[in-house]
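Novice: Sequence:
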Amino acid sequence: MIYVTRDLLTVLRERAASEDPDEVNVRLSATPAGEFETDLGLDPATPVMTHFTLPSVGGSVSSVFGVDLGTPAGEGGARFVSHPDGFLGVSRTDDLAGVVIVAVPPYDDDSVAAFDRSGDGVELAVVDAEPPTESVPK
Numbered sequence: 004m005i006y007v008t009r010d011l012l013t014v015l016r017e018r019a020a021s022e023d024p025d026e027v028n029v030r031l032s033a034t035p036a037g038e039f040e041t042d043l044g045l046d047p048a049t050p051v052m053t054h055f056t057l058p059s060v061g062g063s064v065s066s067v068f069g070v071d072l073g074t075p076a077g078e079g080g081a082r083f084v085s086h087p088d089g090f091l092g093v094s095r096t097d098d099l100a101g102v103v104i105v106a107v108p109p110y111d112d113d114s115v116a117a118f119d120r121s122g123d124g125v126e127l128a129v130v131d132a133e134p135p136t137e138s139v140p141k
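Residue 4 is where the sequence shown starts when you use this note's numbering, and the numbers rise one by one after that.
Be careful, since some hints might not be right.
To be verified - The following label-pair restraints were derived from C-beta to C-beta distances:
no., residue 1, residue 2, range
1, THR136, THR13, 12 to 22 angstroms
2, THR136, THR96, 33 to 43 angstroms
3, THR56, ARG9, 16 to 26 angstroms
4, THR49, VAL14, 14 to 24 angstroms
5, ASP111, MET4, 19 to 29 angstroms
6, GLU126, GLY37, 15 to 25 angstroms
Hints listed in this document are in silico derivations from the structure and should not be mistaken for laboratory results. The beta-carbon is built from N, C-alpha and C at its ideal position, and this holds for glycine as well.
Please model the complete structure; the sequences and the hints are all you need to start from.
Specialist: Below, the structure is given as structure tokens:
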């Protein structure tokens with residue numbers, strides 16, 4: 004099962020809708036459930052997707068055939084991609100990760116699904132909690 008905060012998923016779906024007909028492709032990062040101020044009812048080590056990172060310029064060198072060569076198979080993290088063509092699955096052109104969350108038009112709650120690296124469906128659970136507050140060191 005893959006856990007994602009409702010706020011993150013909302014932002015990702017809104018971004019996909021605003022970028023349509025272009026695709027969105029961002030790396031996701033997780034926060035362990037134990038670091039949330041609210042008890043999520045999960046094992047404290049369970050990763051919950053909380054943030055996204057915009058792709059870096061010039062990253063095409065590290066990506067071949069949709070596979071990020073800099074990411075080991077067991078440590079692939081997660082990615083969010085949108086498919087404006089309506090294909091709710093993993094395609095050959097997607098940058099793959101340990102988990103790929105895919106959204107399709109109309110980019111609502113029923114238009115999102117999660118898949119593992121091989122394209123098999125994975126249950127996606129939405130968590131109603133805010134990640135811990137972060138600050139930049141002084």
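Novice: Hints first: check each against the structure and report whether it holds.
Specialist: Status of the hints after comparison with the structure:
1. The given range of 12 to 22 angstroms is respected by THR136 and THR13, whose C-beta atoms sit roughly 19 angstroms from each other.
2. For the pair THR136 and THR96, the beta carbons lie near 37 angstroms from each other, so the given range of 33 to 43 angstroms is met.
3. A beta carbon spacing of about 19 angstroms between THR56 and ARG9 agrees with the range 16 to 26 angstroms that was offered as a hint.
4. Checked against the given bound of 14 to 24 angstroms, the beta carbons of THR49 and VAL14, roughly 21 angstroms apart, stay inside it.
5. A beta carbon spacing of about 21 angstroms between ASP111 and MET4 agrees with the range 19 to 29 angstroms that was offered as a hint.
6. Range check, GLU126 to GLY37: about 21 angstroms between beta-carbon atoms, so the 15 to 25 angstroms window is met.
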